[in-house]
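With these hints in hand, go ahead and build the complete structure from the sequences.
Sequences listed follow chains C and L, in order. So our numbering is basically just the index in the first sequence, starting at one, shifted up by 10. So our numbering is basically just the index in the second sequence, starting at one, shifted up by 1.
Hints were generated in silico from the structure; no laboratory data involved. Being a predicted model, the structure only gives us computed values, none of them experimental. Where hints are given, some of them may not hold.
Heads up, simulated PhoX-like pairs for lysine-lysine below, C-alpha to C-alpha not over 20 Å straight-line [stated by the list, open to error]:
id: 1; chain 1: L; residue 1: K104; chain 2: L; residue 2: K93
id: 2; chain 1: L; residue 1: K259; chain 2: L; residue 2: K186
id: 3; chain 1: C; residue 1: K111; chain 2: C; residue 2: K68
id: 4; chain 1: L; residue 1: K104; chain 2: L; residue 2: K186
id: 5; chain 1: C; residue 1: K226; chain 2: L; residue 2: K344
id: 6; chain 1: L; residue 1: K301; chain 2: L; residue 2: K344
id: 7; chain 1: C; residue 1: K81; chain 2: C; residue 2: K172
id: 8; chain 1: C; residue 1: K193; chain 2: C; residue 2: K160
id: 9; chain 1: C; residue 1: K226; chain 2: L; residue 2: K313
id: 10; chain 1: L; residue 1: K344; chain 2: C; residue 2: K220
id: 11; chain 1: C; residue 1: K226; chain 2: L; residue 2: K141
id: 12; chain 1: L; residue 1: K291; chain 2: L; residue 2: K268
id: 13; chain 1: L; residue 1: K141; chain 2: L; residue 2: K93
id: 14; chain 1: L; residue 1: K272; chain 2: L; residue 2: K259
id: 15; chain 1: C; residue 1: K216; chain 2: L; residue 2: K313
id: 16; chain 1: C; residue 1: K212; chain 2: L; residue 2: K268
id: 17; chain 1: L; residue 1: K104; chain 2: C; residue 2: K220
id: 18; chain 1: C; residue 1: K125; chain 2: C; residue 2: K68
id: 19; chain 1: L; residue 1: K291; chain 2: L; residue 2: K272
id: 20; chain 1: L; residue 1: K94; chain 2: L; residue 2: K104
id: 21; chain 1: L; residue 1: K272; chain 2: L; residue 2: K301
id: 22; chain 1: C; residue 1: K68; chain 2: C; residue 2: K120
id: 23; chain 1: C; residue 1: K193; chain 2: L; residue 2: K268
Where chain L lies over chain C, by a calculated footprint (3+ residues, C-beta under 8 Å) [claimed, not checked]:
id: 24; segment: 33 to 43
id: 25; segment: 171 to 185
Some, not all, of what chain L presents toward chain C, calculated at C-beta under 8 Å [to be verified]:
id: 26; residue: I114
id: 27; residue: Y118
id: 28; residue: R300
id: 29; residue: I305
id: 30; residue: Y309
id: 31; residue: R329
id: 32; residue: D334
id: 33; residue: E337
id: 34; residue: P339
All C-beta atoms in this analysis are idealised placements derived from N, C-alpha and C, irrespective of residue type, glycine included.
In case you want the letters, here they are:
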Amino acid sequence: MAYSDDDDALMLSGIQHFHFCKRQWALIHIEQQWAEDFRTIEGQHLHRNADQPFTREKRGDKLVVRAMPVKSRQLGITGICDVVEFIRDNSGVEINGAEGKYVAYPVEYKRGKPKLEDIDVLQLTAQAMCLEEMLLCDVRTGYIFYNEIKHRIEVPLTDELKLKVGSILEEMQDYYRRGYTPKVRTGAFCESCSLQHICLPKLMNKQTVKSYVEGKIRE
Amino acid sequence: MKKLQNTLYITQPDVYLSLDGDNVVLLKEQEKLGRVPLHNLESIVAFGYTGASPALMGYCADNNVSLLFLTMNGRFLARVTGESRGNVILRKKQYALSEDETKSARIARNFIIGKIYNHKWILERTTRDYPLRVNVEQFKEASQQLSALILEVRNCEQLDRLRGFEGQAAITYNKLFDSMILQQKEDFQFHLRSRRPPLDNVNAMLSFSYTLLAHDTASALEAVGLDSYVGFLHRDRPGRVSLALDLMEELRGVMADKFVLTQINKKLVSKEDFVKKENGAVIMTDEARKRFLTAWQNRKQEKITHPYLGEKISWGLVPHAQALLLARHLRNDLDEYPPFLWK
Ligand code: SF4
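Given below as structure tokens:
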């Protein structure tokens, strides 16, 4: 399925929310009930984007592009790549305004340290898939730079990962189309969720309202 | 649950409100009366409209601070509502349900159950607290009638019949309202509800507290993304916050009536606090209104345990909690709307 309307595209960064909690993602991206800190994050993102619109640096055989807006019609997402490195390579593709052929490597910057879960990897994969669609090329490797260890980690972007991202996005698109906020299993992680005051996670395990009302009125 | 934030009440009629940074500045004839940081405020209620700057209105709209203008006597003039948070989906559900009489009735009946239940328990509590002052038998009988009506309402799926039951319940309860006034009987009596204008001291206080409550419920509904003008029990009428009135039904007794009764029974008001206008309308004096608002604010800070959520919250957040629960029901997280059943 292809998504033609750019207005309807989902935010690529939402994959993180979705991975953390599907309901949290729906509250933010479908119902737009975000609490303050999400709004702030969005703000910073836009800000950064405006500050450094699509800057290009050339370093020998390397072309470094920062804050690059990307999208995929196929997946129906848009987002921003922190950095895309284009390395001169005959197996690559031509890009506008540069001599020769290049292979693209997305690089994502993260504040913390490498996580056991693959959430950062999924986001990077989604960026890679956008690049593949926009450049008509293959993107098989990306990097995640973790600030805490001041080090970048090489990430192979396998077909398996791409399939996984595809199916996650399909589920997101399905909820989005239906305007559906799923109920989820709640847990200790809700304590760190800034939407808990809107979500009321405890309600999901509560007695039915029917038994509450009928219990009270028959007291 | 979120934190209860303050409401700023402007009780002087000639104060102009303006914005300076993140503060609201109160001006009187170009002179600064004071400034209040807006981030501590949930709403601003101005009695006796002089004006507010567009910049302040814009700020309030953007930051979910509700801004309300009332006449000196508390009659509604205008409300500033911003482009609310993205709630199209929720609102569409609200509109669709409100078009469907039966589905509306299923929600509306829980508002009414809440109302009758709370009235019943106000009567019961009175017999428990003042068995020597009131006619207990009469109160018990009324309480039983209300119980019977609640069971009827529970099975009712027609709006007209619901309104009928509600009317019956109101008669039963109003008949005893005067008996719950236990002090200053010469100056405070309740015979009939008179609204526009209120014709006696008790009605003046009731009207005033209902206005405050309607404002609180309307802001709570808007804050969770609902349209306070489209109701289920109260049908659309231009300019009427029908949904706020719906939600208010169950809160009137416990939040407004009880408050008014306490003011009288604890002698926090006296006949000197009221003036009668040429047209018979009774209004509170400026001084009395200020005291009334302070007491109202204090009452909002008092804590209770929410009967459905089981969480400790302040009275002031009850409208917010109910609005949230209603939104949760409209998006199918809850099987029904849980009314606030207070005992
Ligand atoms: S409170 Fe828990 S269930 Fe609700 S959105 Fe947050 S993480 Fe998800």
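Quick rundown of the hints versus the structure:
1. A C-alpha spacing of about 14 Å is found between K104 (chain L) and K93 (chain L), which places the hinted pair at or below 20 Å, so the restraint holds.
2. For the proposed pair K259 (chain L) and K186 (chain L), the alpha carbon gap of about 17 Å is at most 20 Å, so the pair holds.
3. Between the alpha carbons of K111 (chain C) and K68 (chain C) the distance comes to roughly 14 Å, so the proposed pair stays at or under 20 Å and holds.
4. As the CA atoms of K104 (chain L) and K186 (chain L) are separated by approximately 45 Å, the hinted pair breaks the 20 Å bound.
5. Restraint check for K226 (chain C) and K344 (chain L): the C-alpha separation of about 10 Å stays at or below 20 Å, so the hint holds.
6. Taking the CA atoms of K301 (chain L) and K344 (chain L), the gap is about 17 Å. The hint holds against a cut of 20 Å.
7. For the hint linking K81 (chain C) to K172 (chain C), the alpha-carbon distance of about 15 Å falls within 20 Å, and the restraint holds.
8. At roughly 38 Å between alpha-carbon atoms, K193 (chain C) and K160 (chain C) are farther apart than 20 Å, so this suggested pair is violated.
9. A C-alpha spacing of about 19 Å is found between K226 (chain C) and K313 (chain L), which places the hinted pair at or below 20 Å, so the restraint holds.
10. The suggested pairing of K344 (chain L) with K220 (chain C) holds, with an alpha-carbon distance near 18 Å, which does not exceed 20 Å.
11. Proximity of K226 (chain C) to K141 (chain L) is assessed by CA-CA distance (about 18 Å); at most 20 Å being required, the pair is judged to hold.
12. Between K291 (chain L) and K268 (chain L) the CA atoms are separated by roughly 16 Å; this keeps the pair inside 20 Å, and the hint holds.
13. For the given pair, K141 (chain L) sits about 44 Å from K93 (chain L) by alpha-carbon distance, which is inconsistent with the 20 Å threshold.
14. Proposed proximity of K272 (chain L) and K259 (chain L) is supported: the alpha carbons are some 19 Å apart, at most 20 Å.
15. Between K216 (chain C) and K313 (chain L) the alpha-carbon distance is near 16 Å, which keeps this suggested pair within the 20 Å criterion.
16. About 42 Å separates the Cα atoms of K212 (chain C) and K268 (chain L), which puts this hinted pair outside 20 Å; it is violated.
17. Restraint check: the Cα-Cα separation between K104 (chain L) and K220 (chain C) comes to about 15 Å, which is no more than 20 Å; the hinted pair holds.
18. Between the alpha carbons of K125 (chain C) and K68 (chain C) the distance comes to roughly 32 Å, so the proposed pair goes past 20 Å and is violated.
19. Taking the CA atoms of K291 (chain L) and K272 (chain L), the gap is near 16 Å; set against the 20 Å cutoff, the hint holds.
20. Distance check on the hinted pair: K94 (chain L) and K104 (chain L) sit about 11 Å apart at the alpha-carbon level, within 20 Å; holds.
21. Taking the CA atoms of K272 (chain L) and K301 (chain L), the gap is about 25 Å. The hint is violated against a cut of 20 Å.
22. Between K68 (chain C) and K120 (chain C) the CA atoms are separated by roughly 24 Å; this puts the pair beyond 20 Å, and the hint is violated.
23. A hinted pair counts as satisfied when its Cα atoms are at most 20 Å apart, and K193 (chain C) with K268 (chain L) does not qualify at roughly 50 Å.
24. Counting residues of the segment 33 to 43 of chain C whose C-beta sits closer than 8 Å to any C-beta of chain L gives 4, which meets the bar of three, so the coverage hint holds.
25. Using a Cβ-Cβ cut-off of 8 Å, 0 residues of the segment 171 to 185 of chain C lie near chain L, which falls short of the minimum of three, so the contact claim is violated.
26. A cut of 8 Å between beta carbons decides the hint on I114 (chain L): the least distance to chain C is about 7 Å, and the hint holds.
27. Taking 8 Å as the C-beta cut-off, the interface hint given for Y118 (chain L) holds, the closest approach to chain C being about 6 Å.
28. Against a cut-off of 8 Å between C-beta atoms, the interface hint on R300 (chain L) is violated, since the closest Cβ of chain C lies about 23 Å away.
29. The interface hint given for I305 (chain L) is broken, as the beta carbon of that residue sits about 15 Å from the closest beta carbon of chain C, more than 8 Å.
30. Hint on Y309 (chain L) holds. Least Cβ distance to chain C is approximately 6 Å, under the 8 Å limit.
31. At a threshold of 8 Å, the smallest CB-CB gap from R329 (chain L) to chain C is about 6 Å, leaving the interface hint in force.
32. Hint status for D334 (chain L): holds, given a least beta-carbon distance of 6 Å to chain C, under 8 Å.
33. Interface restraint check: E337 (chain L) against chain C, minimum CB-CB distance 4 Å, threshold 8 Å, status holds.
34. Hint status for P339 (chain L) relative to chain C: holds, with the closest Cβ pair at about 4 Å, below 8 Å.
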